[in-house]
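Chains A and B supply the protein sequences, listed in that same order. All the letters of the first sequence, read from the start, carry residue numbers 1 to 464 under full-length UniProt numbering. All the letters of the second sequence, read from the start, carry residue numbers 1 to 464 under full-length UniProt numbering.
EDC-like mimics (lysine to aspartate or glutamate), calculated; alpha carbons at most 16 Å apart, straight line: (1) A:Lys-112 - B:Glu-412; (2) B:Lys-112 - A:Glu-412; (3) B:Lys-359 - B:Glu-257; (4) B:Lys-112 - B:Asp-124; (5) B:Lys-120 - B:Glu-100; (6) A:Lys-338 - A:Asp-387.
Keep in mind that the hints were calculated from the coordinates and are not lab data. Bear in mind the structure is a predicted one, so any value in this text is a computation, not a measurement.
There are 2 protein chains.
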Amino acid sequence: MAGETALEANWLDELGALLGDRLSTSQALREQHGRDESYHPAHAPDAVVFATSTEEVAEIVRICARHRKPVIPFGTGTSLEGHVAALSGGVSLDLSRMNEVLEVNAEDLDCKVQAGVTRKQLNDYIRDTGLFFPIDPGADASLGGMAATGASGTNAVRYGTMRENVLGLTVVMADGSVVHTGGRARKSSAGYDLTRLMVGSEGTLGVITEVRLRLHGIPEAVSSAVCAFPTLEGAVDTAMMVIQSGIPVARMELLDEVQMDAVNRNSKLDYPVQPTIFFEFHGTEASAREQAEMTGEIARDNGGTDFRWATRPEERGKLWQARHDAFYAAIGLRPGAKGWPTDVCVPISRLAECVLETKRDIEETGLLAPIVGHVGDGNFHLVFVVDPDDKAEMEKAAALNDRLVERALRMEGTCTGEHGIGYGKMHLLEQEHGDLLPAMAAIKRALDPLNIMNPGKIVRVDAN
Amino acid sequence: MAGETALEANWLDELGALLGDRLSTSQALREQHGRDESYHPAHAPDAVVFATSTEEVAEIVRICARHRKPVIPFGTGTSLEGHVAALSGGVSLDLSRMNEVLEVNAEDLDCKVQAGVTRKQLNDYIRDTGLFFPIDPGADASLGGMAATGASGTNAVRYGTMRENVLGLTVVMADGSVVHTGGRARKSSAGYDLTRLMVGSEGTLGVITEVRLRLHGIPEAVSSAVCAFPTLEGAVDTAMMVIQSGIPVARMELLDEVQMDAVNRNSKLDYPVQPTIFFEFHGTEASAREQAEMTGEIARDNGGTDFRWATRPEERGKLWQARHDAFYAAIGLRPGAKGWPTDVCVPISRLAECVLETKRDIEETGLLAPIVGHVGDGNFHLVFVVDPDDKAEMEKAAALNDRLVERALRMEGTCTGEHGIGYGKMHLLEQEHGDLLPAMAAIKRALDPLNIMNPGKIVRVDAN
Chain A
1 MAGETALEAN WLDELGALLG DRLSTSQALR EQHGRDESYH PAHAPDAVVF
51 ATSTEEVAEI VRICARHRKP VIPFGTGTSL EGHVAALSGG VSLDLSRMNE
101 VLEVNAEDLD CKVQAGVTRK QLNDYIRDTG LFFPIDPGAD ASLGGMAATG
151 ASGTNAVRYG TMRENVLGLT VVMADGSVVH TGGRARKSSA GYDLTRLMVG
201 SEGTLGVITE VRLRLHGIPE AVSSAVCAFP TLEGAVDTAM MVIQSGIPVA
251 RMELLDEVQM DAVNRNSKLD YPVQPTIFFE FHGTEASARE QAEMTGEIAR
301 DNGGTDFRWA TRPEERGKLW QARHDAFYAA IGLRPGAKGW PTDVCVPISR
351 LAECVLETKR DIEETGLLAP IVGHVGDGNF HLVFVVDPDD KAEMEKAAAL
401 NDRLVERALR MEGTCTGEHG IGYGKMHLLE QEHGDLLPAM AAIKRALDPL
451 NIMNPGKIVR VDAN
Chain B
1 MAGETALEAN WLDELGALLG DRLSTSQALR EQHGRDESYH PAHAPDAVVF
51 ATSTEEVAEI VRICARHRKP VIPFGTGTSL EGHVAALSGG VSLDLSRMNE
101 VLEVNAEDLD CKVQAGVTRK QLNDYIRDTG LFFPIDPGAD ASLGGMAATG
151 ASGTNAVRYG TMRENVLGLT VVMADGSVVH TGGRARKSSA GYDLTRLMVG
201 SEGTLGVITE VRLRLHGIPE AVSSAVCAFP TLEGAVDTAM MVIQSGIPVA
251 RMELLDEVQM DAVNRNSKLD YPVQPTIFFE FHGTEASARE QAEMTGEIAR
301 DNGGTDFRWA TRPEERGKLW QARHDAFYAA IGLRPGAKGW PTDVCVPISR
351 LAECVLETKR DIEETGLLAP IVGHVGDGNF HLVFVVDPDD KAEMEKAAAL
401 NDRLVERALR MEGTCTGEHG IGYGKMHLLE QEHGDLLPAM AAIKRALDPL
451 NIMNPGKIVR VDAN
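Next up, chain A with everything else stripped away, as it sits in the complex (with noise of 0.2 Å):
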C-alpha cells in the first residue's frame, strides 16, 4: 500500500528521535544482542534500544505497535533456548540502564526493583538489613528477566522458584498500556493471577519493567557440606529420602564425575571425581545442626563418604561459585567448543531411573554431556559440549535432547524444569501440553493481538 515504504523507513526515525543515541544499529550490538548463552546461533534485530524508564519503554512499545515491528525484552542476555533471538527483526529492547532498587520494606519483607537490576546488585544492596533474595541461576541475571523466564536455582528446593517470589511486577502492555500486577499483600484473591501469567511469559505478552519481591531472612546459621558417593544411584538415593523424610535441605544439588572434573579444573578444587552432592542448611544453630546430622546419617547409608563441611562464609562462596560456574567450566573442557544446556525435571520417586537411564544414553552416544542437578525438585541438566558447526554432533544431540524429554515425559515430568521454551525447544512443548496451545495462542492473541511481543516463541500464532 502507497506510504507502507515511507513508514517502514520511519520507525526507527522515530525511535531515533525518542531515544538519541540509546539506539544502535552497529552489527556488532545488535549480534550480541540477539544471541544467548547457548548454542542457538545470532539472530540479529534491526536495532537496539536502552529504556530508562517505564514509560519510555511505553512509547518504545508503541512507536512498534504503530509500525507492526517485533520488541524483544533483553535482560543480561543470559538466557537458554534463544530467548532473545529476534526471529523476525524488530528491536532488541535492553533494560539493563533501568537498574535501580526502588524500595526495602525490611520490616514486610518485600522489595522493589527495576527490570535490570541483577540478583547479586540487589543482595549487595540488602546486604545490611539482615535479608537476602534467595533465587539463583547460574548467571548473575537481571531480575526482570528472571521473572520473565521464571528462573530458578539452587535454592529453590526451600524457598521456591520466581514463581513464588514475584509479589507483583509493572508490565508494559502491547498497546503500550502500563500495568501494575499483584500489590505487597502477602497473598490476594483479587481476580486472575496476571503475576503469574507474566511469571515465565518470556516477553511475549508484554515487558516487564519493575518487579516486587518477597525477601527471606539471613538464617542465624548456614552450614554447607560436599559428599562424594560411589554410584550416581547412591547420590540420587541420597536425595529423593531427604526430601521424602521432610528434610527442610535448603540446597542439595548433584553433580556427576564428569562435571566433578570440570569444577575441579575450572575452580581449581580437589574434589574426588566421583558423583557428588553439595548441601547448604539454612536454620537456627540447632536446627541446621539437626537437619546435617539427618542428612549426614541419609548420605552415610547410600555409601557417602568424605563428607567435608564448609561452615567459614568464604569457604561457602568458593564452594557455591563453583557451582554456579559448572555450566562455564563444562564447556571449559573443550576448549573452542559451545554449551547446550537443556533441563527436565520429574517426580523424585523417578528421578534415580530418569538420571540413570540418561546416563546410559549418553555414554552409548559418546557426547560430552555432563550432569548437574537440582535434584531435590527431581530437576537435572544435562550440557552437550559441541561444536555447532559440526552437523552430525548437533544431529547426535538434538536426537538425545529429544529421547532425554521423552523419558521424561514418560515419567510424568516435564520438558523444562526451568530454562523455559523459547524457541529451542517448543515442539518439545507441543508434546507435553499439546492439548494446551489452542489456549496459550488464545491468551497470546487476545493481549498481543498485532503478535509484536518476542513472536515466536513458547507458542506459534497466526501472522496477523
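Chain B: place on chain A using the hints.
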C-alpha cells in the same frame, strides 16, 4: 429468529437425555444451588445437574455452549461472594458426586482427586500415609472449589495457599474440550502457567474436574497454644514480630474479644474474653519446642498472659475446630441473622494500624462484626452479623466494607486476601486493579467467547 424458541425449549431436554434423574428443576434444589454461605440473595439456576465424570462435564458444557446457556460450577456452596449465583440463569453444575481420590503418590508427596472430594475426606483418606493436606478454609469445602477460588486458611503462613499447592488441573474449557495443566513435576517452565490462571478464576474460564495437589509430611511434633492479650495492639504486634523473626510458625490466628465470646458460647469453652492468638508449631521435637519458646517470649513482651498449651491431639482438634467454626459462632451471636464475611490483606507492618482503625470504625458504626485473622499473612476478616431485610443496616455494612477496603488499599493491601471477587467485590476489584480489567476481560473473552462460564463474576465483558 425462527427455531430459537424450539432451541430454548430443547436445551434442558438435551441435558435430561444425557443425565436422566441427575438433572433437577425442583425449586428447593435450584434455590439452594444459587446461594452461598453469605448474605447474598439466592439467584436460582434454571436447573441443577449432577456430573459423574470429566467426559460428562464436557458434554454438558457442549450442550450449554450450543444453546448459549450459562454453566455455574458448584462444589459445596461454601464460597462467600456470590460465586455460585446464577445471575443469568443456566445450569448449576454440581460436582459433589465426583468424589474419588484417584491417586496418592506418597513417595512424591502428591495426589490427584476428583473435584468433589472435600479437604477432610482427603485427609481421612491419606491418614495412614504419614502425609496431610494443609489448606483449610473454615468450611469442609471441595478441592475443586478450593482450586477455583484460590482458597487459603490457617496453615497458609507456613504451607502456602491453593496457588502454591495445586500442581495441575483437569479443566473442561468453554468449548467442551478437556485439557490438563501442570503435572507431577515439582516445577516446570513449560509455557504459560495456565494452572495459576485457572486457580482463583472462580469458574469463569472453565470447569475444574480434577486436581493434582502437593501433600506434606505430618510433622514429627505438633504443639498448639492459646494466648490472651490485654490489648488488640499487643496481639497484632506479637504476630508481626513472630513473622519478622523468621519463626516458621504453622498457624497464628487472631480473634478479637467479640469473636472469643462467640467461640466460647458456640464451642462451650472458657477462654478469657480478650484479644487472643491461637498458635501452632510444626517440626521435630527440638525445633517445635524452640519455635514455641521464641514465640512465647515475644508474646510475653507484648503483654500476653494465660498461655495455654494443647499437646494432645484431641485437645488440639477441639481448639482448631472451634477456630474453624468461628464464622458460624459469629452468626450464632444473633439468632436469625445472616453473616456477611469480608476480608482484606495488608503488608504486615501495617496490620496493627489497619486492624485498630477498623475496630474503631466498627465501634463507631455500631454494627456487630467480630474480627478474626490469619495474621501471619497480614490477612484478617470481619463478619458483619446482619439482618438482610434491614435496609439501613445493610447499607451501613456496605459502607463499612467499602471503607475497610479503601483503608487496606491505602496501606498497599488488597481488597480480598482469600474470599475472592464473585460478584460481591467487583466494584472493589475495579478500585484495586482497574488498570488490569482490560487484560482480564481480554483473557475471559479469548477463553470463553460466548460468555457462558459463570458469567457476571470477577470481570464484566460485553454481551455476545
